[in-house]
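*Asks:* Take a look at the letters that make up each chain.
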Amino acid sequence: MDLFLQQTTNALALGGTYALLALGLAVVFSIMGLINFAHGELMTIAGYVLMYCGIAGVPFVVSVPLAICASMVAAVLMERIAFRPVRNGSGATMLITSFAVAMILQVLFQNFISARSQAVLLPAFLSDSFKIGGMVIGVNKIVAIVATVVMLIFLDRFMNHQKTGIAMRAAAEDFAVARLMGIRANTVIAGAFALSGLLAGVAAVLWVSQRASVDPLMGFTPVLKAFIAAILGGLGSLRGAVAGGFTLGFIEVYLAAFLPPELQEFRDPIGLCIVVVLLLFRPNGLVPSSVLKAVKV
Amino acid sequence: MMTSPRIHIAAAILAIIVVTFAATLAAGMIGASIERTLTVFFISLIGVAGIGIYAGNSGILSFGHLAFMGIGAYAASILTLPAPLKAATLPKLPGWLAATQLDLLSATLIAMAVTALFALFVGWAIGRLEGSAAVIATLGLLIIVHGVIIGWRDVTRGAQSFFGVPRETGVWTAAIGCIVALVAARLYRDSVSGLRLRAGREDPISAGAVGIRIRRERLIAWVLSAAIMAMAGALLAHFLGAFSVKKFYFSDTFMLLAMLIVGGMTTVTGAVTGAVVITLVTELLRRLEGGFSVFGMDVPPILGTAQIGIGIIILFAMFRKANGLAGLKEWEERVFRPAAERSETAKPAELQEKSTLQADHLTMRFGGLTAVNDVSMHVETGEIVGLIGPNGSGKTTYLNMLSGLLAPSAGTIRRGAVELTGLTPPEIAEHGIARTFQNIRLFSDLTVDQNVLVAALSTKGGRDARARTHAALDRLGLLEKAAEDAGTLSYGDQRRVEIARALACQPSILFLDEPAAGMNREETEDLMARLRGLTEDLGIGILLVDHDLHLINLLCTRIAVLNEGNLIAQGTPEEIRKDPAVIEAYLGLGKEHQSARSTKREPQT
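Residue numbers (numbering that gives the first Met the number 0), protein chains in the order written: chain G, 0 to 296; chain A, 0 to 604.
Possibly wrong hints are sitting among the right ones.
As the list claims (entries may be wrong) - Stretch-level coverage of chain A by chain G, calculated; a stretch enters the list once three of its residues show a Cβ under 8 Å from a Cβ in chain G:
1) 132 to 140
2) 161 to 168
3) 307 to 314
The set of hints was computed from the structure by calculation and includes no laboratory data.
Cβ coordinates follow ideal geometry from the N, Cα and C atoms, glycine included.
Given these sequences and hints, build the entire structure.
*Replies:* Written out as structure tokens, the structure reads:
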């Protein structure tokens, strides 16, 4: 039972990070139909800022907001430079553009920073852990869960009560009509990217705080998972992204914990088989986006 | 059967063979290193063409095709690996496999067959997924196969290098493989199945309505492309001699997809263009990677120059040409523009079904909203029935139920003695019922001729498809525009193409959803004459939805009126014009009625 609770905590922490990343992908996708594979590089940028701040001796309370800001700025720049020219292209066009952006950024990291993994100095309390009953829970896990909850509440407030957030939801429903109502396309899209950068930055801080290192390809795996989570949840639906992120987190952690040792090697394939089977039963995701249903004939 | 002019196919195949051989000969004269580069290029091109067969024609991007390439590579290598080496490196291999040692050709063919079978199973399982779920399923396939290859050490050596494969792939072998792949891709594109799949890519809903079973066509393309990928894998393995599972994962997936998308997904010309451009850039930049000097200045070595270069090429190509460098047409389609093939003039087809279409008590509920409430109607062949009503009265929903797009919440639809309730759109089309759409749903990137032809090919077993296409185009006066892309036509022409496409299904009953919308008076008059022709010459029954009451009154023998989902009147045009319920629905109550009502209401408020 203790083991189960402990793994559930781990699953919440991992799933929360996936959910934040999936949300970042979903915010952008719902508005402009782009699946941004370069989202992972936003994470990497935030990770490197943390690393340099650690080297320069900047206190952690300052370096975290700096890292998140860097990721937001990078996201907005990415949109301005790379994605604006292909805004009206097909899904494949935008997807391949984001590959190209990711590839270029990775090579730049390799050349100007290092091809190898770099250590990130973290405050000591993050690696502490404490005991509740028979469970040993890392502070970083608690931080991840708390940060996820805070971000989800913030996002909910933002999307439902802020003018920009409401404009984004309108644009996600029907971009053309939203523009006719006086919502500026550039503002909404830049806002969506800034938001996705914010989410990627927070996710990066959480990710790095579990691993204490950063490398040029750091963002690839978590964003791949987030991509799967976003579609599992229902691409374009924000609630779906959260549901998908947590579902994937639970699948991975429980498989790692409870699969018999001889099957551990097949953990990833089994996890993905579960995802595909879930999709077969719910082809539009766990929480389908409302836009998908409205096919007018 | 090929659906495009013979000269296109002939020119394409000839060019593929000549260029491939010429390149191979030229490389042989220059030297061994160029030959190796060309071999790698040919193998990449096989892969790009393989992905293109599925992704280009279906419009669904696939991340999973490198899994097929991997399966092909491992399957073929296990078959050709010398038996003594097999005993040493793979001691736990089952006996019958350990003893086999085949030549490259048979091993490749077996690998292709095995992979195709696997793809058939996978495609059957994930074939019902659409859109992004389909993409993620292919991504899942890649990761799952990768994981299984790593885990299945007894057969694959896991994550370690698989070595000792006889290096039998020379430049000529790769060239022949490349020709086979490109010709297969080119032929598939303009085969009946390929044309249907492309129609489905353009518009899955109207594709279903003209009888296309889109999942089946997708599965055909999926299996064929998997076999081609397996060939690429087998050839690559026997070129490298030693390889590991990493070769069939994300980085190469991205590379092949980049080639395909930069060149243009939908054509073989595009696949070749993309592969050439990206290979050239890679090779050029790789030479510069170790550092070079310009005008006496030394440029230091930069790690990953090639990758950056490819990234920039992709960005540039996508900014300038979002559909890829080669666009949406094959080169030969741009160069050769033959006049439409004259086919034998079709004899007016005899109506095969003369039975009445009878819909009883049809009801459609969307959640709490009842869009159509207990409406019964019938349509006979040879008559034109009007279906009118204010906006939102349920006319299109009614048509959608009759044509199989929506399953009614209650009620039955029958054709004579045959029950049609709950059938899919392609099955309805097979029962002699065709339709057009309120919002035009043409296959925009296909020509007018192909739009109509694909409908003829997908109904009535595709018999006399050419003649039926010709007859339908002729009847709607579209023969001159047959070679133009449907998406470039004027609104009125597009509506006529939709009718021609429906007509090519050889229907005995035709549903037209606002065929005159957006037409001017002259075009409407012309349309009316043609519609009358359909009933008088061919005996087709028409169910006509339109807001143009002038058109409805002149054409229809009977009119049904819907309001808020209820059938409020049915009868001859004269009866309908005088019906008070209809007048109220359209014009509201007269002034005196309204004031009478409001005075009545006042005491309550």
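*Asks:* Which hint numbers doesn't this structure obey?
*Replies:* Number 2 - this is the single hint that the structure violates.
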